[in-house]
Each structure stands twice: as C-alpha cells, then as structure tokens.
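Asks: Listed here are the chains, written in short residue letters.
There are 4 protein chains.
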Amino acid sequence: MSRITLLGTGLIGSFYTEALHGNRGRDRVQVAYSRSEERARQFAKKWDVPSVTTNLEEAICDETTDAVIVALPNHLHEQAVCATADVGKAVLCTKPLGRNAEEALRMLDAVEKAGVFHGYLEDLVYTPKTIKALQTVKGGALGKVLWVRSRETHSGPHSDWFWDKELAGGGAIIDLGCHCIEIARNFIGKQIRPVEVVCWADTQVHPIETEDHAIGLVRYENGAIGQFEVSWSFRGGMDLRDEVVGTEGTIWLNHWLRTGMEVFSAVGTADYVAEKAENSSGWMFPVGDEVGALGYVGMFTDMFGAIEKRQSPQENFYDGFVVNAIIDAAYQSIRTKQWEPVLLPIWRGSEGSNTSVILSDYDAEHVIVKQELMSDGLTKLILKNKKTGKVTDKTIR
Amino acid sequence: MSRITLLGTGLIGSFYTEALHGNRGRDRVQVAYSRSEERARQFAKKWDVPSVTTNLEEAICDETTDAVIVALPNHLHEQAVCATADVGKAVLCTKPLGRNAEEALRMLDAVEKAGVFHGYLEDLVYTPKTIKALQTVKGGALGKVLWVRSRETHSGPHSDWFWDKELAGGGAIIDLGCHCIEIARNFIGKQIRPVEVVCWADTQVHPIETEDHAIGLVRYENGAIGQFEVSWSFRGGMDLRDEVVGTEGTIWLNHWLRTGMEVFSAVGTADYVAEKAENSSGWMFPVGDEVGALGYVGMFTDMFGAIEKRQSPQENFYDGFVVNAIIDAAYQSIRTKQWEPVLLPIWRGSEGSNTSVILSDYDAEHVIVKQELMSDGLTKLILKNKKTGKVTDKTIR
Amino acid sequence: MSRITLLGTGLIGSFYTEALHGNRGRDRVQVAYSRSEERARQFAKKWDVPSVTTNLEEAICDETTDAVIVALPNHLHEQAVCATADVGKAVLCTKPLGRNAEEALRMLDAVEKAGVFHGYLEDLVYTPKTIKALQTVKGGALGKVLWVRSRETHSGPHSDWFWDKELAGGGAIIDLGCHCIEIARNFIGKQIRPVEVVCWADTQVHPIETEDHAIGLVRYENGAIGQFEVSWSFRGGMDLRDEVVGTEGTIWLNHWLRTGMEVFSAVGTADYVAEKAENSSGWMFPVGDEVGALGYVGMFTDMFGAIEKRQSPQENFYDGFVVNAIIDAAYQSIRTKQWEPVLLPIWRGSEGSNTSVILSDYDAEHVIVKQELMSDGLTKLILKNKKTGKVTDKTIR
Amino acid sequence: MSRITLLGTGLIGSFYTEALHGNRGRDRVQVAYSRSEERARQFAKKWDVPSVTTNLEEAICDETTDAVIVALPNHLHEQAVCATADVGKAVLCTKPLGRNAEEALRMLDAVEKAGVFHGYLEDLVYTPKTIKALQTVKGGALGKVLWVRSRETHSGPHSDWFWDKELAGGGAIIDLGCHCIEIARNFIGKQIRPVEVVCWADTQVHPIETEDHAIGLVRYENGAIGQFEVSWSFRGGMDLRDEVVGTEGTIWLNHWLRTGMEVFSAVGTADYVAEKAENSSGWMFPVGDEVGALGYVGMFTDMFGAIEKRQSPQENFYDGFVVNAIIDAAYQSIRTKQWEPVLLPIWRGSEGSNTSVILSDYDAEHVIVKQELMSDGLTKLILKNKKTGKVTDKTIR
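Chains A, B, C and D supply the protein sequences, listed in that same order. Using our numbering, the letters of the first sequence map in sequence onto residues 1 to 397. Using our numbering, the letters of the second sequence map in sequence onto residues 1 to 397. Using our numbering, the letters of the third sequence map in sequence onto residues 1 to 397. Using our numbering, the letters of the fourth sequence map in sequence onto residues 1 to 397.
Okay, chain A solo, but in the shape it has when bound (with noise of 0.2 angstroms):
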C-alpha cells in the first residue's frame, strides 16, 4: 500500500484519485494540496482525504507520505519535482513532464541525482487496448511496425492555463501531442532513436496566440513514422484512436467515441455523458468506466507495483524528456517550415537501426512484389527479377 501526496486538485487530480481511490485499490491520497483552500475543502469531502493544504512544501514534506504525484500545471512541474527529489520521496509527475526538453532534462537529472523513484505520468499508453495491442506487436503479429497514427482530438482543454502559451509552453501540441508522440514511441520501439520532425500548426479557431490544430510526421531511424494529430477545434466529443500498420499486419483502436456502448435519447438526459461530450440528447457514445478506458488504473498498477519491486516503471523521466525533444523539434519545423533534427543531448536506446524489410522469392530469379485475388477467382502476381530489376505481372490459378 502506498500513501500518496498529491499535489493539484484540478481534472487531473480526480481523475487520479479516482483511479486510485475507486474499485478495491489499496492505495490512499493521504495529503493533497491546491492553490486554492476552497477547492482543497471540497477535494477532501469529496474524495475522503484527511489532509489537505495550500502550502506546497508541507505538502511534500508531509510525513504520513512516500510517494508525491504532480498534478499541477505544466510551469509548476520543474519546482515540485525538485522539491520532492530533495526530500528523497518517489515522484510521479503528470504529462508533458516540461515545456520544454531544456526543462525535462534538468528534472531528469535532478531526480537521478537524488537517487529517488521517478514515473512519468503518460496515461494513454496505459489504456487496457494499448497495452494488450502492444503484447500484440511484441508478440511479432504485426512484423515490423511501419506508421503509427496517434490522434487526440476535442473542443479544448477546460482550465484557463492551458490556453496561455508561457504558462502552458505551447498549445495543443504540447497539451496532446505528447500523448500521440509516445504511443507512437511505444509501438515503434522505444530503443529506436526519433531522428527528424515536420510539423504544420495552426491557429483556425480560437482567438488565442498558440496552435488549436497541429499533423506532425516523426521519422525514427529504422524508417517507421510516428503521425500525431491534435486539435482543440474538433467537434463531436473527444477523438481518441489509433492505427498501427506493420509489414504484417494493422491495428484499429477506438478509445472514446465507438466502444461498443450506443445511447439514442428522444428526451435526452441530465447527467454526465462523457469527457468532452458535446450533445446530451440524439445519438451519444458513453465509456463504461471513463478511469479505466483513459489507462489512470493500468498506469497506477505499473507505478506502485514497480515502487514496490524497485524497478523503473514502463514510463520515467527519461521518456518524458524524449517527448518534449520531439515537440521542440515540431515546433522549429512549425517556425521553419522544414523537417528539423530531434536533438537528444542524451541517448540510452540502440543506434544504427536498420531500414530493410525481407522479401519472398517466387522462383530463383525472382522475388514476389505483391499478390492479390482477383474477382475472376485467379491470383495475380508482380514479380521484380532479381538481376535486370525489371517488374512483370503473372497471372496464376
């Protein structure tokens, strides 16, 4: 059983202590902190926590805790997990670890110095679709992993900090790319180095000074490519898919809008529908269990159990500051309008991947380019030979 600190009582702080608190778990947010006293009074009723406070650093210090998770806004992350570091306790900060890979990297460094346990809070990757989708890929069912296609989607973030790009560092890139980045990360294999970015952004809707709509390619070194695509100007509700294709094979998951769970309402309903929904009568698409669907519950598994087994989680530090590598890069390609490098001052994955695929041969002087079943019931081929390189089509029974 762990005993937590949580630091930030916002969407993110529930959704948490839901994950935490709900079902049968056995872990506790014992102290929790907000800037405001009234939000920290109704945290506490509402999620039965004994303690809570508007100071930070009793918060952190506390003495009943051994674990601080960092909820808070995305510029109050690097102070927070310093000060958690310098107390020795285990650190779970929420995404993106910082606004910037310059702000990662000190954070990464301070908690390896201090020696502490360090978690990186990246949800999505944790949903029960994703982590049995990457059994999957492991398992080799997919052959090599060519494109992922990561895709968060909604009307926009619902807190005032989100929307000013000092506070924030960046607009919906930062905000949901660094979901989108990271599941492509995982499925493409996170020793492969990210090594190029192209990224358009823009500012269609909203009346704000960052992008509300961004599509970023990043190239990894063995040739796959992970897409992102992100937006605060999406209507419909929340857009959570993905798409995997490997030389094998494909796979399709729908997070949020078609799950299996389909509602009409003539007369429409007064509760809650779902994160981000925007109608509340017609056709709605509920999630059975909103903590369990966003990865909150799988996420929380794999941190305290790694706290207990005194490993490294499937998310540290270390992937954070990759991400916000990759979205500095994005955004100097927004800026320059050209592919820009991913700069990784460190690197701990392997190097020198390599591009090739291995093809069949048809026959010594041949190797199959593709096959296909015609609606004649014949199989035609295309044939490349090996020495002259020319293409033939053969048409066989």
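Treat the hints with caution; some may be incorrect.
Copies of the same chain look alike in the list, so a pair counts if it fits in one copy or across any two.
[Said to hold, decoys possible] As a list, the in silico DSS-like pairs of lysine-lysine whose alpha-carbon atoms are at most 25 angstroms apart:
id: 1; residue 1: Lys370; residue 2: Lys390
id: 2; residue 1: Lys46; residue 2: Lys309
id: 3; residue 1: Lys370; residue 2: Lys387
id: 4; residue 1: Lys309; residue 2: Lys138
id: 5; residue 1: Lys46; residue 2: Lys138
id: 6; residue 1: Lys380; residue 2: Lys45
id: 7; residue 1: Lys165; residue 2: Lys387
id: 8; residue 1: Lys46; residue 2: Lys380
id: 9; residue 1: Lys370; residue 2: Lys165
id: 10; residue 1: Lys309; residue 2: Lys45
id: 11; residue 1: Lys380; residue 2: Lys394
id: 12; residue 1: Lys390; residue 2: Lys165
id: 13; residue 1: Lys165; residue 2: Lys337
id: 14; residue 1: Lys370; residue 2: Lys386
id: 15; residue 1: Lys394; residue 2: Lys45
id: 16; residue 1: Lys165; residue 2: Lys380
Don't read these hints as lab results, they were simulated from the structure.
Go by the hints and put chains B, C and D onto chain A.
Replies: Leaving out everything else, chains B, C and D in the frame of chain A:
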C-alpha cells in the same frame, strides 16, 4: 480488506482471482479448494494463494478467512452454500444459483436463516457498460423500457460437466440464459414481476441431451419483454450484446466482439486473443481488459463494499432464485409449446404494475400517434380522433 | 426497355420511380394512377411522368405500357392484380401480397391462370448486402444455416391506412414482418418448408387496435429458425439488421443506422437525413444511396431482366403467398398463446428435410463436441464417447 | 443513350463496363480496344461488347460511337486524349489525368481547343456516401471546413506498369493520392486555391524505385488542410476512409472495410470477397455493391447526364490538372524536405480567401473560447477579455 476462501479453481475461479488480485486490489484469496491436488498446486502458484486443500469443509472452516466464494459446478452449489451458512461466513455464489428454483429457494432459506451475507455472482450486470447504461435508464433517458434483448452465444463451455444435463441442470439456457434474464430484469426493473415465458430450444448441432440453442421471451407485468438468446453453436467468437428499447430511446451494448479494438495479422499470433476467439490470424477482435469487461471487477467492488457497509449487494440470492424460476418456466414452455407462468412462491417486488403509456395531444380532439420528417422537407403526422377513434394523416411544414 | 403503369403515388411509389428513373436507368413510368388528382399532378411533375390519371382501369389498360406495378394500400392489391391479369400484362405487386393467405392465394391463382409474369416486390432481399450474403451462404461459407434474425423497427408508418387493421390486414407484423420473414426464408432456403410459428405481440405505445411491436419464431422442417422482430415504437431511426448463424459461420448485416457514414453537427442540418431519422443535429447516420440500400435498384434489375428473359424472378407471387401463410400462423399464435402450424394448401418445395449435422471424429471411440484455445495457450477439447455417450474434457497442447 | 469506345480492358475497364452495363443501364460499350488480342476477345465475351480491336486509332474513330473512355496506363493518356479531341468526340479520361501537371495541361489545352466534352473520371468523389456528405457540407452542417483526411491504402496495384516510375509517373502518390487530393478539394471547396504542400514518402517495403507509402498535407488559401495518406504496404484489405472536420461538425466515411457487412467463416469461401481482400476465412468484410460503393455508377450518371445536357460534369480536365499540380508539389517537397508551392499557371477559382472564423460573445467584454459540461454537472467556460487578451475560466450552472 477481505480474506477469502475460494471453492473451485477452474476457469471461473481463475477469472475471479484475476479480478481480485489484479491491479492494486486489496482483497486476497487466502485459501483455495480444488477437487484435484494437481490443479490446486498449480493454482496456488499462479495466483500466489497461501493455502490450498482438497478438503471442502476444511476450506470453508479455515479461520483465516471471513468470506467464501462458491465457484463450483452447478450440482455442488447447494452443499457448499449450506455448509458456509452453517459456519456463519459471508457467502458469494456463482451463477446460476441453483439447477432449478427449488434448489435456489433452499439456498436462499439457508443463508437467510443463518443471517449471513449472500451475494449472487451475476457478473454481467456489473460490466462498465451495463452499470453506465442502468444509470442512464434510471435517469429517465429511455422513458419506459419496452423490450430488452440480451444475447450470449459462443461455441460452447470448456468443462465436461456443463454438457451433462444432470450435473448442470440443463444446457445453454441454464449456462448462459441466467445472465441474459438477469440483465433484462435489471433494465426493466427488479420490482416488476415476471409473469410468463415462451421459449424455443433445440439441440441443433451437438451430440448431447440438452439444448445447444434457445430463444425465450419473458413477459413482465408492466408489459415489458425480456428476450434471451443463447447458443453453444455460434461461430466467430463470443457474442455478448444487449439492446434496450424504451418509449424515448434505445441503448446498444457490445461487450466483446466489437469494442473498438481491431487487429489484422497475416502471420497470426501465437498469443491468446480473447475468451472463445476462434481465429488467431486474419481480422481479430480482442478485448483489452477481459476481467473488467466481463464485470468481475465491478461485481467484487459491489460485493465487498456491501459487506463492509453491512448492506445487501445489487445481486443477492433472492435474485438468483427469481432467475431460476424464470428458467424453470422456460424449460416447461419448451415441453408444452405454449406460454408458461413464472411460479414465484415468494414475491418481494411490487404488485399491479401499469402497462399504459402517456400520449401527447395534437389539439383538443386529437392525440399524436406519430410524426416524421419526410424527404421533401415536410412533416407528416398520424393523428387519432379521441372520440371517433379514426386515424388520419396530415402534412405540415 | 419497359414502359410501366404505376398504381399509387405515395412513399413507395416515389421510391420505386426514383429507382427506375435514377442513375442511367432505361425503364420508364409512362402512366401513373393516383386516388387524388392533386397528388397525381405533383407526381407527374416531380418524376417526369408523361401521363397521369385517377381512373384505375384506364391506367391498367393504357396501351403504351406493358407492365403494371401495384403500389397501393394493402386492401386494394387484389382488385388491381386481378384487373391487370385480365388484360394480360406483367404484374409486379408491392409487399405484403395479401392481407392474409386466402387473399394471396386468389391473386396467385389469377396470375397463373392468366399466364402473366408476376413479381413480388420484396425489396429487402435485393439489397446489395443481402444479395452478396445470399451468395456467400449458397457458396457454403456458413455451413448449414441454423438461425436467422431479421429486424425492422422504426417509429411507425407515414400513412393513415397502415394504422387501420381492416385496411392493412394487421399492424407491424403485416407491415414489416413480411420483409423479415422472407429474408430469413431466403437464407434458410426457399425449398425448406416452414412448419410452425410462435409469436408475441402487443400494443405497447400507440392508441391503436393492432400490434405495434412483435417478436416471432418460425420453425422450418430442417430445424432452422427464422426470427422476426418488428416494431412501430423504436426510437433512434430505422433499425434494419439481419443476422445469420450457420454451423460454420456468421453474417451480420446493418442496412441503415451503421453503414460507415457518421455525421456530427452542432448547428444541425435543414436537409433530410434519412428515412425515419429522428434527429437532425448531434450525431447522425445518413445512408448514401437510399434506393440502392433498400434494394429497389437490385429488385427492378431482377424483375425487368426476368421479364426480358421470360423467366420467373427471384420473388414471385408464390413467395408472397407463403409469407402471408406464415403471418397468418403468427396472428393465430398470438391469440392461442402456443405454437401454430403454417397452413400451406399448396407446397412447392421439398419434403422431409433433414435436421442432422455431421460431426468430426476425434479418434475411433470419440467425436469432438467442441474445442477452444484457452488463455494459458492450451487447447481444451470436449469429447463424447460414441458407445457410452459419456462426455469428458481433455487438454492438449 | 450513349455509345462508347472503351480504350483499355484491364481492371479499371472492367469496373467501368460493369457500372455501365449493370443494373438497367442504358449506355453501352460498343467498341473496346485492348493491346492484346486475347484479352480483347475475352472482354467482348464477358461484357457482351459488339466490336473489339487492337488498333487504337480505329477504336477512337469508329463511327458507331460518340464518346471515348480512356482507361489506359498513365503514359498512354495524352496520346489517346489528343487523338479523341482531334476527331471531335467527348472524352472521359481515368485518373490521374497526366503523369505530371505539364502533361495534364497539354491535355486540357487539346480538349478545350477542340471544344469537346471532357470528363475527369475521379470516381471516389462520386461514391454514394461522398455525394451525400458533400451535400451536407454545402448545406452548412459543418460550418467552415478546417481539415480533411482522405486515406487510400492497400497491398499494391495489380498490373506491372504501376510499379514502373517512368510509365506511371510515380508510385503510391500518383496512383492513390490523386483520389485523396481531389476528395479533400471537393470538401474544402474547389474555388479555394491550394497554396503549398509538405510531403513525406518512403519505399518502406517493396523493391522498387518509387514510394510505397506517403503522407502529405496540402494547405489551402483559407487555412484549410487536405491530408492524404496513401500506401501500397497496408495489410488487411483496402482501407478507404475520409474524415472531414469543420468548425461546427465532423463527418466520418468508411467506404470499404467497415460498411455494415461482416462475415465469419471457419471453413472459408472459395469466392472473391472484395477488391484487395487479404483473407478468405475468419472475419471478412465484403462490400455489397462494389461498383456502386466505388463511385463508378454515380460518376457515369453525372458524366453522361452532363453530355446530354451539354454541361460540364462535376469533374473535368481542369480538375485533373489541379490535382497533378498538387502532386508535383508533393514530389518536390519530398526532394527538398520543406513546404513547396503549388504552381498553377492557370487558376480559375477565387482569390484572397479569408482565413478567419467568427466567435460568439459571452458579454460586452468577453468572447467565448470554449465551453464544456463537466462530470459534476457544471459548465466550464473559457473566456477571453477583448481588450486585455487575458484568458480566464469560469464555472456556471
């Protein structure tokens, strides 16, 4: 925290333990009973259970546990339940409660006389989607529930005793129909009396004495219909769907084969895909979190939460008894080829439920039968004259 | 090219004409009959029909046409069909053929005695998906068909006469059940005799004399079951789905509400969304090509192709008669609350269809009851001893 | 009725003829040209074509036909188009128009100088779903279109010349990207100028010189983005999906793999399942009416209708030229690794399209940035002060 004796180490015992010990659960299986020493040993190792035995009484009486879960074949429920009631422990029994209503009633009597906690382990009313859908229906979004279809079909159960009419108490109806009947009963309202049943069943495929396919209709006093569809001859995986139709809306739930996770693999996977999956290459539809999706997690949260709060859980032995009584009527209808009454010597719900629905007036003389927007942009009304009863149509802009 | 007299200019007449005149069709409605002069004029203008009349006989006898389509209310079918047979023209009659089997049989007699082409306009067996699925079943991909569910439910028909028991011949069963029954019959095999029916029906919502919701089971001589589900009280649009289960496979067809076109609009659309759509903002599910998706295009291709080739179409008046006979049995079952035989004074299919299914041997002594890959990677077999009949399970690698 | 010369008897020629001769179509392929005598004969027999030849000029000049359809490999388009223009017949050319914009421009010049009808056979903007979706967008249901994703990926084309860079003009982009680009352009508005393109492409799997996978972004003058995703390395069938996001709504179209038809077969089917289907047992997703679903039927309805009405069709050679110009920019961007301008020597759309979007006021001082219903039932607003620009959040009931 609950310390549990688990009776039975088959598939259902494994699912229960996975739900209890999984994630960061605080309850523990302390003692497991198996009829086979070999299976007991394997189970203890796999799930980290401190103590195993092949002596049923020893397992029930073990002083380190305060609750007993009965996960035995159907013909062994009564004995195990009564023995647990005798020692005054909380008893949780898997579905179906009895092989028939008579057996179920004796078990209900036993636990009520002993004054012990009794939970009926009907997992499928606790799936995340079902819990959310029941809230939606209770909130009024569907108006009055008119019809519920609940379907569970797959290629047949995995242990021999299921296929033996005497040991199981029947075939696909007793095995799967118990789920479907209780799902419908939850949506229609447990206080509404089930009145009569008509049922078709046949042994279409397998060389067995009992039915491997059945469709039944349960009529409730308020006019609502619960429809169950069960089969051991379905091909394609496990089809687990519910549909609810009310005067104001509709709910469609798909728990297994189409939940937003789709995998194609040309090379196939060596891994387990999902319970009852029939193919391991081509297009596959795994489930991210099986024990969650099947309701085991939500079920034990309710059960052990109720024990702690000294309340009755959502599903108790009385519910199990009602389900058995409905199944008895279904088997009787198969024999007589007509509607058969549901015999409930004890009825604890309401009496005289209303079958009527309130209609909207169009004007002083007419009620609206229906209205529809046509493809030419006009609205077509069907009206009924309150006095003459004559139905007419009318087109308005 | 066919020149057509169309009798009736309501919704169904419009759909028929849209199918005939749409795309690059070569057949033409030459003469249209309407009971109302006003509607006749509007129809002629909208669909570019050269000649309209309110005189039924004139329309049928018009010398410029060689085929007559009956798209009139149910109580007017017999008169129109007989008048057409009398003048020796091809006659195509909308569904249901008669209000009951007696009426249908008289119509069948009339056309057969006159020796004219007769087509039964059961559009839903001609949808692109149904045509393809029937080919798949005939090709053997599903083995023996065991069960077909066909469902058509919506918020009720758009013209007054449907709601009048006398004029229509019944309620939702005669209106919608005729589709579902014939769909199932096509999948099971038209040569297999329908033996008996059990049916529940009720007037759950509307202030009418006939049923607005019904579920029926039709048992065929080979043991297969055709299940129809019809309602005028469904909310959410038009639910048009079929499911086919065979010994070797499964087919799921969704013709209307989930066909791969999904639209969300916060502001809504002023346009028509789809037949029976209930909402015009929020999430909507239009159908791209309604007359194609409903089978009208495929149906007329078969009908006029058959006329040209002097063949009988896929659906003729004998089929319409069989459907009416099954519906009669359903209405009888509602009254008697038991299974009722399907009375077929004329049966043109096969006799004595086999109910058996062939099983695979495991070894000399055992047949395989079922097998399943379990989550531990082992395969579990259920075997039956051929001599003793004993069922056992066995785990293999 | 049109009498047609068809040049080319490969897969695309077959699809075209199936669309023209299918159902009750009134147009006819009168003359077919094939490079191979054998294929010409087979084609004539299969599709009942009166006259075939291996002489291109003869086919074009044949006096019995009034329109010529060019269904030849890409490198033969220009010659065939110019020869047809010379004889003054209507010319319909398959996609892509040219191998590059220069070639396309010459063809546009030729037909315009000759004053003949010219149709660009871009079938995928004519699918039933796309036609309906374009109406929905034009009706305003989505507000301003911000982003369109169009995806076409499969396992690669079936004839050798596609794989030869010289003959085809490129790889997956020229083969499939032409569809995606024109789909996006239709949704965004053909009058809006495409400004610049960034594109990633790679040869990830096949032993060929051209790209087998590419992702591109096309920026339009009004700020909208058209995203194309094309691949010859996708596994699982043909993935044909479009997504449209506007300020007020969203459209999702799935044309092939998930259209409401799902088949499971344990024994498999000997029949053709669908174009590019990769498996013939397990779960399969056929399409009911392929030539309809791919837009061929709607396309020829527009084309031959336009010829009869002496109008220009929805897609003409100018559109084909614009698509080629965008593809040229994409290939340039792959080389330079930066955004590249779309070079349009002739621009016939509007100039100076606006990028702005109108926002709603909250009160005199604030505009609404966004609002969301939270799980506690309260609504959270993000507001921006019109003078200071400061963003704040506010919770209301």
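Asks: Each hint needs a verdict: does it hold in this structure or not?
Replies: Hints, one by one, checked against the model:
Proximity of Lys370 to Lys390 under the C-alpha cut-off of 25 angstroms is restricted to the intra-copy arrangement: shortest distance 14 angstroms within a copy versus 51 angstroms between copies. Within a single copy, Lys46 and Lys309 get their C-alpha atoms only as close as 31 angstroms, which misses the 25 angstroms cut-off; across copies the closest is 18 angstroms, which meets it. In this homomeric assembly, Lys370 and Lys387 come within 25 angstroms of each other (Cα to Cα) only inside a single copy, at 18 angstroms, whereas the closest approach across copies is 52 angstroms. Proximity of Lys309 to Lys138 under the C-alpha cut-off of 25 angstroms is restricted to the intra-copy arrangement: shortest distance 23 angstroms within a copy versus 44 angstroms between copies.
Taking CA atoms no more than 25 angstroms apart as the test, Lys46 paired with Lys138 passes between copies only; the shortest distance there is 23 angstroms, against 41 angstroms inside one copy. In this assembly of identical chains, the alpha carbons of Lys380 and Lys45 lie at most 25 angstroms apart only when taken from different copies (21 angstroms versus 68 angstroms within one copy). For a Cα distance limit of 25 angstroms, the shortest separation of Lys165 from Lys387 across copies, 18 angstroms, qualifies, whereas the shortest one inside one copy, 57 angstroms, does not. In this assembly of identical chains, Lys46 and Lys380 lie within 25 angstroms of each other by CA distance solely across copies; the values are 19 angstroms between and 65 angstroms within a copy.
Taking the shortest alpha-carbon separations for Lys370 and Lys165, only the inter-copy value of 17 angstroms comes in at or below 25 angstroms, while the best intra-copy value is 49 angstroms. In this homomeric assembly, Lys309 and Lys45 come within 25 angstroms of each other (Cα to Cα) only across copies, at 19 angstroms, whereas the closest approach inside a single copy is 32 angstroms. In this homomeric assembly, Lys380 and Lys394 come within 25 angstroms of each other (Cα to Cα) only inside a single copy, at 6 angstroms, whereas the closest approach across copies is 44 angstroms. In this homomeric assembly, Lys390 and Lys165 come within 25 angstroms of each other (Cα to Cα) only across copies, at 12 angstroms, whereas the closest approach inside a single copy is 55 angstroms.
In this assembly of identical chains, Lys165 and Lys337 lie within 25 angstroms of each other by CA distance solely inside one copy; the values are 20 angstroms within and 28 angstroms between copies. For the homomeric pair Lys370 and Lys386, the shortest alpha-carbon distance inside one copy (15 angstroms) is at most 25 angstroms, but the shortest distance between copies (48 angstroms) is not. Taking CA atoms no more than 25 angstroms apart as the test, Lys394 paired with Lys45 passes between copies only; the shortest distance there is 22 angstroms, against 73 angstroms inside one copy. Taking the shortest alpha-carbon separations for Lys165 and Lys380, only the inter-copy value of 20 angstroms comes in at or below 25 angstroms, while the best intra-copy value is 55 angstroms.
Hint compliance for this structure: no hint is broken.
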